[in-house]
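Engineer: Read off the chains here:
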Amino acid sequence: MKVKLWGTRGSIPAPGPETIRYGGNTSCVGVTLADGSMLALDAGTGIRCLGLALPDEPTRLHILLTHLHLDHIQGLVFFAPAFRPQTEIVIWGPASPEASLRDRIARYISAPLSPVEVRELPCDVSFRHCPESEWEIGSARIRAGSVSHRGPTLGYRIDDGDSSLAYIPDHEPALGADLDELEEDWISGFELARDASLLIHDGQYTDAEYPGHVGWGHSATSHALSFARRTAAERTVLFHHDPLHSDDQLDALAAEAREKWVELGGDAGAIELAAERSEYELPVRAPQATATA
Amino acid sequence: MSFVTQRPLELILARNLMSALSTPAFLVDEGGLLVFYNEAAGMLLGKRFEELGTVGPQEWGSLFGPFDESGEPIPYDDLPLVRAVRAGRPAHAELTIRSTDGTQHDVEVSAFPIQTPHGSQGAIAVFWPSLVNGNGAGRA
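These protein sequence lines map, in sequence, to chains A and B.
For the first sequence, this note's numbering gives the first residue as 4, with consecutive numbering after it.
For the second sequence, this note's numbering gives the first residue as 120, with consecutive numbering after it.
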C-alpha cells in the first residue's frame, strides 16, 4: 500500500511563502493498494494535484470522504479525472438523515457556488453511503466509523494484506474525556486506529491554543499523542494543520511532539507532521506459499 | 485483525457530556445494560459507577429499589429508562430510590432515547429532585 499526502492543511487553503514545506492545500491523501486500486481520502484542494498526476486513460477510483466540510470537498470540481468520460468515480461518505450524499454534495457542485452541476460531470460518478460493516475495495478491506467532530463525520481504516492505514483527519476524541484514563471502548475512533501501521490524525492545535478551541472538533498535540499511544499505532502523522501555522511554527511543533512522544515512552521517529507530497510505503506481505503436491 | 466492541459514538458523546454535569444522569445501551452513570448519580446512590460497573437491566432496575408514591416497588417494565429504550419515546415519572446507606430520595426522572441514523442506541435518564415530595432531600 502506497500513501501520498496531497493536502495536509485544515479549514482553508493556506498558500504562500510561509507554508511551502508543509503545504497549503486542504485534506487529501492518495492511496494505491497492492492490487493497483486507487483511493483518494477526502477531496480538499489537494485532490486537484492528485488528479493532474493520474494518467489520462480509463481509470476507476474511489473517493472516501470523511465529512462534507468545505476543506474536504472543495477540490472535487477541480479534479481533472472527473471531466473525462472514461473515468469511473465512486464517492463514499457519511449518511445523514437529512439528505442523500449526492444531494448534500450537490449543494456545493451547483450554482451559484460552482460552474458545473453534478449531472453535468462527464465522468461516471456514483455516490454511496458507507456501510456500517466492513467492505472491500480492490485488495483492501475498508471500515468506516463515526468519530467525534462537528456533524456526521467518519474516520477510515484500510487493511491491505498485513498493513493498515487509519485516517482520522478531523477528530476531537478528548472532548470531555481523559484519553489517558478512559476505557478503550469509550474512546472515539479507537477501533479504527488500533495497532495501525500508519495513523494519520488530526493535530490542528498546539496545547496552548486548544483551550480557546474546545468543541471545535479538532485535537491538540497532546491529545493526538495520547490517542496514538492508547491505540498503539506504529507510526503517527499529525495532519490537518491550522492555516495560521507557518512552516517554522510547524517545525517547532514537530520537535515538541517528538519530545512528548519520547516522554510517553515512544520512539521519536514514529511521530511526524504531515508534509504535502510526502510518501509512505506500507509493506504488504504476500500470503505464505503453501506446498502443493 | 479483531476489533474491540466499540461503543457507538452517540453513547461516547453522551457519557462525555454526562461526566461534566452536576445533575444525576444514567446511560443505558440499546440492550438496556447500564453502561454509565455520573458522579452526581453516584453521590445520590451512595456508590460510584466505578465501584458498581456495568449491570444488566433486571439488576439495575431493582438495585436501588425504585418505589412509587405508595411505597410499592415499580415494575421493571414501567421504569422510565426501560420505557424509553423499548418504545423509543421519552418517559417521565416520580419515584423514590434508596441509596446504599438506606436513605430514600424522592426524585423525578426524565428519560429519552438516543436515536441515531443507525437506529436506537440506548437511552439517557436524568434525575431531578422532586418538587412534590421534599425537594429530593434524603430521608432515613
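Since the hints were made in silico from the structure, they are not lab data.
It is possible that some hints are incorrect.
[Claimed, not checked] Far from chain B, some chain A residues (derived; all Cβ distances over 10 Å):
1) 21
2) 59
3) 122
4) 150
5) 178
[What the hints assert, rightly or not] Pair ranges (Cβ atoms, derived):
6) B:175 / A:114: 50 to 58 Å
7) A:214 / B:169: 38 to 46 Å
8) A:144 / B:173: 25 to 33 Å
9) A:103 / B:234: 14 to 22 Å
[As the list claims (entries may be wrong)] Here chain B is said to cover these stretches of chain A; the calculated rule only asks that three of the stretch's residues, wherever they fall, bring their Cβ under 8 Å from a Cβ of chain B:
10) 42-55
11) 70-81
A virtual CB, placed ideally from N, CA and C, is assigned to each residue, including glycine.
Engineer: Could you let me know if the closest chain B CB is still more than 10 Å away from the CB of residue 122 of chain A?
Structural biologist: Correct as stated: the minimum Cβ-Cβ distance to chain B is 26 Å, above 10 Å.
Engineer: Do three or more residues of the segment 42-55 of chain A come closer than 8 Å to chain B, measuring C-beta to C-beta?
Structural biologist: It is violated: at least three residues are needed, and the segment 42-55 of chain A offers just 0 whose Cβ sits closer than 8 Å to chain B.
Engineer: Is it true that the C-beta distance of residue 175 of chain B to residue 114 of chain A lies inside 50 to 58 Å, as the hint says?
Structural biologist: 56 Å, holds
Engineer: CB of residue 103 of chain A to CB of residue 234 of chain B, is that within 14 to 22 Å?
Structural biologist: The hint (14 to 22 Å, Cβ to Cβ) holds, given that residue 103 of chain A and residue 234 of chain B are roughly 19 Å apart.
Engineer: Does the claim that residue 150 of chain A lies outside the interface with chain B hold up, using a Cβ gap greater than 10 Å?
Structural biologist: Since the minimum Cβ distance to chain B is about 7 Å, residue 150 of chain A lies within 10 Å and the statement is violated.
Engineer: Confirm or reject the claim that residue 214 of chain A and residue 169 of chain B have a C-beta distance inside 38 to 46 Å.
Structural biologist: 27 Å, violated
Engineer: Quick check on a hinted range of 25 to 33 Å for residue 144 of chain A and residue 173 of chain B, using CB atoms only.
Structural biologist: 30 Å, holds
Engineer: Check the non-interface label on residue 178 of chain A: least C-beta distance to chain B beyond 10 Å or not.
Structural biologist: 6 Å, violated
Engineer: For residue 21 of chain A, is the shortest beta carbon distance to chain B beyond 10 Å?
Structural biologist: At about 36 Å from chain B, residue 21 of chain A clears the 10 Å cut-off, so the statement holds.
Engineer: Please count how many residues of the segment 70-81 of chain A have a CB within 8 Å of a CB from chain B and say whether that reaches 3.
Structural biologist: violated (count 0)
Engineer: Find the nearest Cβ of chain B to the Cβ of residue 59 of chain A and say whether that gap is larger than 10 Å.
Structural biologist: 38 Å, holds
Hints 4, 5, 7, 10 and 11 from the earlier list are contradicted by this structure; the remaining hints agree with it.
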